[in-house]
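**Student:** Listed here are the chains, written in short residue letters.
2 protein chains.
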Amino acid sequence: MKTDLQSLMASKNIDALFITGPVPHNPAMYYFAGGAFLTHAELIVPREGEPLLFCGPMERDEAAKSGLNIKLTTDYDFKAMRKEAGGDVPLAMAMRAKAMLEDAGVTKGRVSLYGKTNIGPLYAMFSNLQKIMPEIEIIGEMNSTVLLQAMATKDEDEVERIREMGRITTKVVGMTRNYLASCRAKDGVLVTNQGAPVTIRDVKMKINLWLALEGVENPHETIFALGRDAGVPHSVGNPDDALKLGQTIVFDIFPCEKGGGYHYDFTRTWCLGYAPDAVQAMYDDVYDTYQKVMGSLELNAPTSRYQEMTCDLFAERDHQSIRDDPKLTEGYVHSLGHGLGLNLHEAPWFRGKATASETDLLAPGAVVTIEPGLYYPSKGMGCRLEDTVYVRPDGTFEILADFPLDLVIPVQEI
Amino acid sequence: MKTDLQSLMASKNIDALFITGPVPHNPAMYYFAGGAFLTHAELIVPREGEPLLFCGPMERDEAAKSGLNIKLTTDYDFKAMRKEAGGDVPLAMAMRAKAMLEDAGVTKGRVSLYGKTNIGPLYAMFSNLQKIMPEIEIIGEMNSTVLLQAMATKDEDEVERIREMGRITTKVVGMTRNYLASCRAKDGVLVTNQGAPVTIRDVKMKINLWLALEGVENPHETIFALGRDAGVPHSVGNPDDALKLGQTIVFDIFPCEKGGGYHYDFTRTWCLGYAPDAVQAMYDDVYDTYQKVMGSLELNAPTSRYQEMTCDLFAERDHQSIRDDPKLTEGYVHSLGHGLGLNLHEAPWFRGKATASETDLLAPGAVVTIEPGLYYPSKGMGCRLEDTVYVRPDGTFEILADFPLDLVIPVQEI
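From first to last, the protein sequence lines are chains A and B.
Take the first sequence: its letters are residues 6 to 419, numbered as in this note's numbering.
Take the second sequence: its letters are residues 6 to 419, numbered as in this note's numbering.
Just to be clear, a hint being listed does not mean it is correct.
Identical copies look the same in the list; a pair holds intra-copy or inter-copy alike.
Straight-line C-alpha distance at most 25 Å; calculated SDA-like pairs for lysine to any residue [claimed, not checked]:
(1) Lys84 with Thr364
(2) Lys249 with Ala190
(3) Lys113 with Gly336
(4) Lys358 with Gly91
(5) Lys136 with Pro224
(6) Lys17 with Lys358
Note that these hints are calculated values from the structure, not bench results.
Fair warning: this is a prediction, and the values are worked out from it, not measured in the lab.
Model the full structure from these sequences, guided by the hints.
**Tutor:** Have a look at this one:
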């Protein structure tokens with residue numbers, strides 16, 4: 006949680022965070038300045054003392070909504086700095102960054118870089134900053150950054166926002182299910198009331214509309230993948246494909262709050278009309294694994310336990326897993342889940358024992374996805390079941406939005 | 006245009022581009038790999054030879070849609086590299102990046118970094134890469150990067166996509182205008198047929214719905230700013246505000262194609278019911294400037310000419326401009342426009358003469374916004390008029406989507 010940040014920074018010997026970029030769709034910036042729509046800002050978060058936000062004068066009103074202390078970038082005489090730098094713009098930007106750090110009270114120690122933005126100019130600026138400010142050490146943390154560790158557990162307000170996104174997501178999934186069930190089938194293909202084949206494009210358009218009606222964003226492409234495509238975990242589906250009966254549909258939907266806030270992540274696998282035996286058997290293996298994993302979650306357990314358990318359970322049923330071969334494309338080819346919040350994918354991670362980090366735990370306040378799946382593109386099928394789970398401080402586990410796990414959506418034939 | 010890239014790279018002595026991040030909403034990556042929904046990839050574009058795209062095995066199907074040569078990241082033995090690096094992950098990533106560069110035929114020269122992604126890990130990786138690969142020089146270009154210079158002029162296909170976004174944008178603006186005109190006013194406030202005040206939240210919800218119906222994305226927050234907020238260029242508007250008659254509404258809308266592709270950018274200023282004298286006078290000054298600038302655009306002219314012209318025209322009518330004072334908050338406080346494409350804001354820029362770059366021209370193929378405005382937050386008003394213009398190779402100028410410039414939307418009083 007945000008309140009852990011100071012001690013996390015101390016434990017990693019980090020003296021300040023230097024965050025750059027817009028507020029929307031930039032989790033590090035949003036975490037502190039959420040609610041303000043800034044197209045670009047800098048934010049310095051010292052370990053001791055108050056964060057300081059820098060923005061252009063046109064965005065001062067939006068910046069004020071963040072509740073942070075604010076300085077305008079125009080308070081720094083960039084023209085003079087560029088002159089002093091002999092026209093070298095990255096150097097002039099580094100000079101301004103140095104002044105900003107000093108104004109935020111950061112004059113030494115380790116400064117960790119954050120923010121989703123264009124890496125080229127930033128690399129140039131920070132390389133220069135390192136040269137002109139040797140009294141600081143500029144670092145970039147990898148996977149388990151202090152900020153991701155803070156974000157890995159959520160307070161009640163954050164969980165409530167994710168829960169609300171779950172309510173909206175499953176509402177739209179329900180509308181999608183009802184729509185599909187309301188169509189009829191002709192010659193093995195789903196058709197509209199007017200008799201035209203229903204394509205993946207049609208369904209996705211409706212999903213996007215329903216999400217917009219709920220006032221949320223869908224910045225990533227929804228996965229609605231049919232048959233063989235369902236057998237490739239991140240295939241988003243071919244828009245022109247008509248929905249055929251008896252084929253697996255992997256429907257993975259992950260919208261976020263308007264303005265790039267908290268996400269939800271949810272997957273069901275459906276078969277229209279009927280499930281062929283091979284599909285039913287694959288689904289049963291995923292379903293059983295899902296239930297066993299869900300039933301065995303324990304507070305503060307390492308997430309790797311469940312990735313290993315999933316590999317074991319699938320192995321018992323003769324499915325290969327990524328543990329056997331990292332290049333695997335048939336069987337269980339990914340990890341069991343991930344943390345979820347301002348990032349669609351964040352800590353804790355569900356790596357296997359061999360590469361697990363000791364910080365990947367089901368800590369109180371964690372919000373994680375559980376999403377076992379099996380993929381057989383060569384057999385034209387795939388299956389994944391995913392729910393988002395909140396690790397309650399009392400040690401119980403809450404699926405943040407309930408929705409039936411059923412495989413088959415019954416469809417009337419014409 | 007993309008066909009200029011090789012010569013642009015030669016002129017700046019750049020031997021390769023190293024692009025990182027997802028495809029959607031990451032213009033540098035999208036420019037080459039658009040159409041493939043990759044959540045993360047690396048792309049190396051050598052000056053000589055073919056680009057090479059690197060992705061994870063789960064996304065191989067999506068990657069294939071890019072039409073680029075592909076290598077899987079699992080083709081590199083990261084485990085062995087991490088071991089060789091003594092567990093130092095940024096160093097191991099740098100070792101993999103070195104192998105990728107070599108596989109793309111890049112073994113020396115200047116390598117320029119691109120991509121919108123998390124700067125921390127990338128800074129760590131590229132700092133390490135620079136150390137282990139001293140035969141290359143890693144650089145980050147600032148504003149006028151070779152890629153932005155290539156992107157600054159569009160081919161017919163790109164223009165047609167922007168034109169289509171313009172058609173959709175102005176259609177939605179028209180629906181918004183018709184909706185507002187269909188409401189009635191009570192006690193100086195717009196009300197629904199049910200008599201409830203119409204708020205900015207209501208209007209934005211409809212705008213988002215209509216955009217979703219058209220199958221496009223609206224990843225940035227629409228500006229629909231009323232009265233005093235209209236006087237602050239990037240204030241997005243207060244959702245709870247009810248629409249009052251006689252107040253300026255700055256409506257700036259900038260959606261993009263689904264999947265983070267080409268944008269449109271468009272602004273009108275409206276007054277519901279009537280325009281007070283001060284608002285009408287301000288509007289007239291912006292309107293006259295808009296018309297004079299539009300009427301004087303010339304092929305290959307420096308954009309700075311029009312920024313200077315705008316400052317001159319406003320000065321004649323006693324408005325201060327940013328040329329007089331970069332910290333200005335009342336008067337003409339921004340630049341006249343910007344290029345538009347995969348980036349909402351890109352080259353050519355419309356800087357004043359003092360800071361202009363010689364590459365900021367109305368070159369054939371450029372697509373730019375023209376958006377003069379005046380801002381008086383202290384008087385509770387602001388005004389901006391913006392259209393997107395295509396610099397046709399034959400030297401004529403095409404506003405890519407027509408829409409009336411009228412200020413007042415007549416409203417019936419109850």
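**Student:** Indicate, hint by hint, whether the structure satisfies it.
**Tutor:** Hints and how they fare:
1. Only between protomers do Lys84 and Thr364 lie at most 25 Å apart by alpha-carbon distance; the minimum there is 20 Å, versus 46 Å within a single protomer.
2. For the identical chains of this complex, Lys249 and Ala190 are intra-copy neighbours only, at 9 Å inside a copy versus 52 Å across copies, given an alpha-carbon limit of 25 Å.
3. Taking the closest pair of Cα atoms, Lys113 and Gly336 never come within 25 Å of each other, the shortest separation being 51 Å inside a single copy and 41 Å across copies.
4. Taking identical chains as interchangeable, the C-alpha atoms of Lys358 and Gly91 lie at most 25 Å apart only when they sit on different chains, with a minimum of 19 Å there against 53 Å within one chain.
5. With identical chains, the CA atoms of Lys136 and Pro224 are never at most 25 Å apart, being 38 Å at best within one copy and 37 Å at best between copies.
6. Only within a single protomer do Lys17 and Lys358 lie at most 25 Å apart by alpha-carbon distance; the minimum there is 23 Å, versus 48 Å between protomers.
Checked against the numbered hints above, the structure breaks hints 3 and 5 and satisfies the rest.
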